[in-house]
Amino acid sequence: MKGEGKNTILIGIGNCGRQDDGLGWAFLEHLKPELPDNFDIEYRYQLQIEDAEMISHYQKVFFIDADKSPETKSFIISECFPKETHYFSSHALPPETILYLADTVYGKNPESYIIGISGESYQLEIGLTENAKSNLKKAICSFKKIY
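Anchor point for the sequence shown: position 39 equals 36 in the working numbering, and the numbering is continuous, going up by one each time.
Some clues are possibly wrong.
[Claimed, not checked] In silico DSS-like links for lysine-lysine, alpha-carbon gap of 30 Å or less: (1) Lys70 to Lys80; (2) Lys130 to Lys105; (3) Lys70 to Lys57; (4) Lys80 to Lys3.
[To be verified] Derived CB-CB ranges, DEER-like: (5) Glu127 to Gly2: 15 to 23 Å; (6) Lys135 to Ile46: 26 to 34 Å; (7) Glu81 to Pro30: 33 to 41 Å; (8) Tyr103 to Gly14: 16 to 24 Å.
Simulated from the structure, these hints should not be mistaken for laboratory data.
We treat Cβ as the ideally placed atom computed from N, Cα and C, and that holds for glycine.
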């Protein structure tokens, strides 16, 4: 069972076939060989309702995704809190909604963070832009200092 004996999960969100949208997965790929035994990793194209059950088994959760916000210069690491939101679809839910569901349905509220890495191109193409690669390196370096 996922989470058994592990207390932290890194969830990379994105699509490596859409250039910088693959930053979440690239983050996991770079860190995977050196992560401590108490970490799990998961790859997601998008977050879905079922992910609430998955994260309920962990004490700490990191959601890693490309950040399209013009305010983000290279990357951000910010704490994430449960928030009830309503959508017309059960697909592509934000991390805050997944946390809300984990708390409401399973009574679990893991310490959670969003790592947003700035990207610039999201075309149908494999491979990160040079700017995204630079931002990825900065985000990984910062994460390693924390954990």
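Right, here's what the structure says about each hint:
A threshold of 30 Å between alpha carbons decides the hint, and for Lys70 with Lys80 the separation of about 26 Å falls inside it, so the pair holds. In summary, the hint linking Lys130 to Lys105 is not supported, as the alpha carbons are separated by about 35 Å, beyond the 30 Å threshold. Pair hint Lys70 plus Lys57 holds up; C-alpha atoms about 26 Å apart against a cutoff of 30 Å. The straight-line distance between the Cα atoms of Lys80 and Lys3 is roughly 25 Å, inside the 30 Å bound, and the hint therefore holds.
Our hint of 15 to 23 Å for Glu127 and Gly2 is violated, since their Cβ atoms are close to 39 Å apart. Roughly 33 Å separates the CB atoms of Lys135 and Ile46, a value that falls within the hinted 26 to 34 Å. At roughly 38 Å, the beta-carbon separation of Glu81 and Pro30 lies within the given 33 to 41 Å, and the hint holds. Take Tyr103 and Gly14: their Cβ atoms lie about 33 Å apart, and the range 16 to 24 Å is violated.
In this structure, the earlier hints numbered 2, 5, 8 are contradicted, and the remaining ones agree with it.
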